[in-house]
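Engineer: Sequence:
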Amino acid sequence: MPIKHVTSLLAGVILSATAHSATVYVSDIQFVAIREGQSNNTRAVERGLKSGTPLEVLERSDSHTKVRTPDGNEGWVADYFLSETAVTRDQVVTLQAQLANATESKINAQNELNDSQSKVQELMQTISTLEDDNASLQERLDESKAITEKAQTIVSQNDNIAYQLESLKTQTQVAQDTMLALQKSTDQKWFMLGAATLFGGFLIGILLPLTRRKKVNNSSWG
Numbered sequence: 005m006p007i008k009h010v011t012s013l014l015a016g017v018i019l020s021a022t023a024h025s026a027t028v029y030v031s032d033i034q035f036v037a038i039r040e041g042q043s044n045n046t047r048a049v050e051r052g053l054k055s056g057t058p059l060e061v062l063e064r065s066d067s068h069t070k071v072r073t074p075d076g077n078e079g080w081v082a083d084y085f086l087s088e089t090a091v092t093r094d095q096v097v098t099l100q101a102q103l104a105n106a107t108e109s110k111i112n113a114q115n116e117l118n119d120s121q122s123k124v125q126e127l128m129q130t131i132s133t134l135e136d137d138n139a140s141l142q143e144r145l146d147e148s149k150a151i152t153e154k155a156q157t158i159v160s161q162n163d164n165i166a167y168q169l170e171s172l173k174t175q176t177q178v179a180q181d182t183m184l185a186l187q188k189s190t191d192q193k194w195f196m197l198g199a200a201t202l203f204g205g206f207l208i209g210i211l212l213p214l215t216r217r218k219k220v221n222n223s224s225w226g
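First residue of the sequence shown? That's 5 in the working numbering, and the numbers climb one at a time after it.
It is possible that part of the hints are untrue.
[Said to hold, decoys possible] Taking CB as the label site, the calculated pair distances span:
1) Phe-35 <-> Asn-105: 55 to 61 Å
2) Glu-116 <-> Arg-144: 56 to 62 Å
3) Thr-157 <-> Leu-197: 55 to 61 Å
4) Glu-143 <-> Thr-176: 43 to 49 Å
5) Gly-204 <-> Thr-174: 39 to 45 Å
6) Thr-201 <-> Ser-160: 46 to 52 Å
7) Trp-194 <-> Asp-163: 44 to 50 Å
8) Gly-41 <-> Glu-116: 57 to 63 Å
9) Lys-123 <-> Glu-147: 31 to 37 Å
10) Pro-74 <-> Thr-46: 19 to 25 Å
11) Phe-35 <-> Glu-78: 17 to 23 Å
12) Glu-135 <-> Leu-169: 32 to 38 Å
13) Arg-144 <-> Ala-185: 55 to 61 Å
14) Glu-135 <-> Asn-105: 27 to 33 Å
These are calculated hints, taken from the structure and not from any lab test. Don't be surprised by glycine CBs; every beta carbon is placed ideally from N, CA and C.
Construct all of the structure, not just a fragment, from the sequences and the given hints.
Structural biologist: Following this line, the structure appears as C-alpha cells:
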C-alpha cells in the first residue's frame, strides 16, 4: 500500500475519532438543510434546522461535516453553516429573555416591596390606633376604679351612719322608756302626795274641832 494512502487513512481515522466527540451548532442563519451528500444537488435528509440547533459531529471533510440532528437524522452540511459555539443571535435572544425575566422579576419584587411597605404603614397606623384606644381604656379603667373606691367609701360611711342611727334609735327608745317610767313614778308620787295631803287635811278637819271642844270644856271646868 502506498505511503500516501496510509497517511490519508490515518488522518481520516484521527479526524473521525475527533469528530465523534464534538458538537457544532447551526450558524447565524435562519434555516439550514441536511443532505445525503456534500453537493447541494443531493436529497435533503432534513430541512428547516434553525440557527443555534446543536448537531452531533460524525465525520469531517475539507468543506463539509457529517452530522446527526436532534431528531436522529444523519447528513452532510457545509462548514460555513456551522459554528463551534452557540450563535450570537441565540445568545442575544437568550440574554434578552433573561433580561426581560429579570426586569419582570424586579418589577414584581418592587411591587411586592411597595405592597409590603403599604401593609407595614397600615399595621403601624393600626398599632398607633390600638395604643390610643388602650390609653383611653386605661384612663376609663382608672376612672372606674376611682368611682368604685368612692362608692365603697360611701357605702362604708352609710353603713357606719346606719349603725349610728340604729344606735341612736335604741338610745332614744331607752330614753323614752326611762322617761315614761319616771313620769309614771312622778305621777305616782304626786298622787301619793296629793292623797297624803288630802288625808292630812281630812285629819286636821276632824281633829281641829275636837281640840277646840276640849279647850272649851277645860275652860268650863275651871
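Engineer: Hint by hint, where does the structure go against what was stated? Just the numbers, ascending.
Structural biologist: Violated: hints 1, 2, 6, 12 and 14.
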